[in-house]
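Protein chains in written order, with our numbering: chain A, 1 to 300; chain B, 1 to 300.
Hints are computed from structural coordinates only; laboratory data are not their basis.
Backbone N, C-alpha and C define an ideal beta-carbon position, used for all residues, glycine too.
Be aware that one or more of the hints could be misleading.
[Claimed, not checked] Facing chain A, according to a computed beta carbon distance under 8 Å, are these residues of chain B, among others:
#1 Leu83
#2 Tyr85
#3 Arg140
#4 Lys143
#5 Glu200
#6 Ala214
#7 Phe221
#8 Pro229
#9 Ala249
#10 Ala264
#11 Asn275
[To be verified] Sample of chain B residues with no beta-carbon within 12 Å of chain A, all distances over it, derived:
#12 Ser55
#13 Ala184
#14 Leu243
2 protein chains.
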Amino acid sequence: MLQKVVIFGVGLIGGSFALALRQARASASIVGIGRSRQALERALELGIIDVAADSVADAMRGASLVLIAAPVAQTEAILAALLPYLEAGTVVTDAGSTKADVVAAARKALGARIGQFVPGHPIAGGESNGPDAAIADLYRGKKVVLTPLLENSAADVERVSNAWDACGATVRQLTPAQHDTVFAAVSHLPHLLAYALVDEIANKPHADLLFQYAASGFRDFTRIAASSPEMWRDISLANRAALLGELDAYLAQLSAIRAMLAAADGAALEAVYANAQRARRQWTGAIEAAEAARPADTAE
Amino acid sequence: MLQKVVIFGVGLIGGSFALALRQARASASIVGIGRSRQALERALELGIIDVAADSVADAMRGASLVLIAAPVAQTEAILAALLPYLEAGTVVTDAGSTKADVVAAARKALGARIGQFVPGHPIAGGESNGPDAAIADLYRGKKVVLTPLLENSAADVERVSNAWDACGATVRQLTPAQHDTVFAAVSHLPHLLAYALVDEIANKPHADLLFQYAASGFRDFTRIAASSPEMWRDISLANRAALLGELDAYLAQLSAIRAMLAAADGAALEAVYANAQRARRQWTGAIEAAEAARPADTAE
């Protein structure tokens, strides 16, 4: 059991981590800290944390594990603030959606102490935020990617991995660069594309008419455009190189499809659509098979 | 009450129309006809239709209303087949997702009898198909767009409109060109974009790795890429001019966003994302308000 878990940012991500650890009795004490005193008080009221720390010094005293669950752009400042109080036995991790920039920020902030930072990214979330959105099973059956550094000890990586295990998640490892390439393709680019479509339609002179006839396909396609603009601005910038690469590949794909459409080449269009349908079915089939194979005590 | 409704194609769209009319007691008799004898037998078994017609001549005898619920590319052939049996008192409509091409096909097939054809498009559907997927409330609370022709009589348009009313739908009117521009933007382009993304990812050498980390945002964004490739090939070709226009506007939008990203212009990116989020919230808010305002007897 962990002695003391400290969570920077007790919103959906940090609060759900706290609730899951509490449910699993995985930590003797859970301490919250963050910019918003109101969120901390609310997290106390809801029983998410045991203590709302008044200072970083208090929070960090005797900490076994620290989770930074704040916007990625704040990682460097938070690490710099906790460094003076970072004890030798403490492991720090994060929940940021990008990793190469987080690692660079961590190296800058922590210097020689970088070995105590194990970068992570839980693949879970939601459109709501704040402590009231936190739920104990947010991570159950979800993946968490750790991107360990050469400087990390195996024991420290294991401490972070075990904590996520206790939350019901499946832990995987990638390099920071692999992580950023993968999520640029399957998450960051789709967000950019959805925002781009809704913005473009909203700016047309007949936008009102268009939105009147938008239906369930449009709703699902654009659901991720309901996400926080600030958060996705930060992610887009933090993973700019990989995202530009994916965007360019997609633009080339659209140009090729445009040519098929302009040439009224039905066979070529159908081949693209059919390959996409097949790949997506295979993917959803694999997800369903994995869910069916999950042990009963973790299936909800 | 209608005396006899004839449905060409008793799948999800045609079968659900039949079930809804039956529930509303809006037709004395409902007759099915189509290419697949198996589907017709199944529709009979399920009580969707009263009669599975053996010939177009039998089906059309004394018909009050005919619904063509087949892929848009078949519209011309079906209209040509029914023309010899088209009585003066019969009104024909369709359920195709594109309208300008359907009107052109109808003019070609029906010639001087074009006035008896009232083009329509119910904005409802699903990923399943066939008679087993048909449900009586598919159209409840949904929109149906009619694109009446100058040659249509007001009484004939009203007959089609009343049938959809009986199904619980809200009937609106657009011109065929308006219809096609609107649906190119809010439906056809999103389908093309979703197919394009999944196909592109599936063709990457590390596709397996990418699909392993794709999560709920990707699932919703690409849900429409599970749709029928044949149907969407036909729709893409049938609405080619409007779809090319929308695709070019979207490509211009993506190029502008690419430039923001390349310049690391966070303020510009955030403005696009925030405008999209605002517009989408306004849209979903309007939908929820409309649903809350629906009379209790039509709310399910």
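Evaluated hints:
1. Leu83: Violated. Min distance 26 Å.
2. Tyr85: Hint violated; Tyr85 of chain B Cβ to chain A Cβ min 31 Å, cut 8 Å.
3. Arg140: Since the shortest Cβ distance to chain A is 14 Å, the answer is violated.
4. Lys143: 7 Å, holds
5. Glu200: Interface hint status for Glu200 of chain B: holds (4 Å vs cutoff 8 Å).
6. Ala214: 4 Å, holds
7. Phe221: With a closest approach of 4 Å, the Phe221 of chain B hint holds.
8. Pro229: 4 Å, holds
9. Ala249: 6 Å, holds
10. Ala264: Holds - the Cβ of Ala264 of chain B comes within 8 Å of chain A, reaching about 6 Å at its closest.
11. Asn275: 5 Å, holds
12. Ser55: Non-interface label on Ser55 of chain B holds, nearest chain A Cβ at 31 Å vs cutoff 12 Å.
13. Ala184: Check fails; 10 Å does not lie beyond 12 Å.
14. Leu243: Contrary to the label, Leu243 of chain B does not stay out of reach of chain A, its closest Cβ about 6 Å off (not over 12 Å).
The structure shown violates the earlier hints numbered 1, 2, 3, 13, 14.
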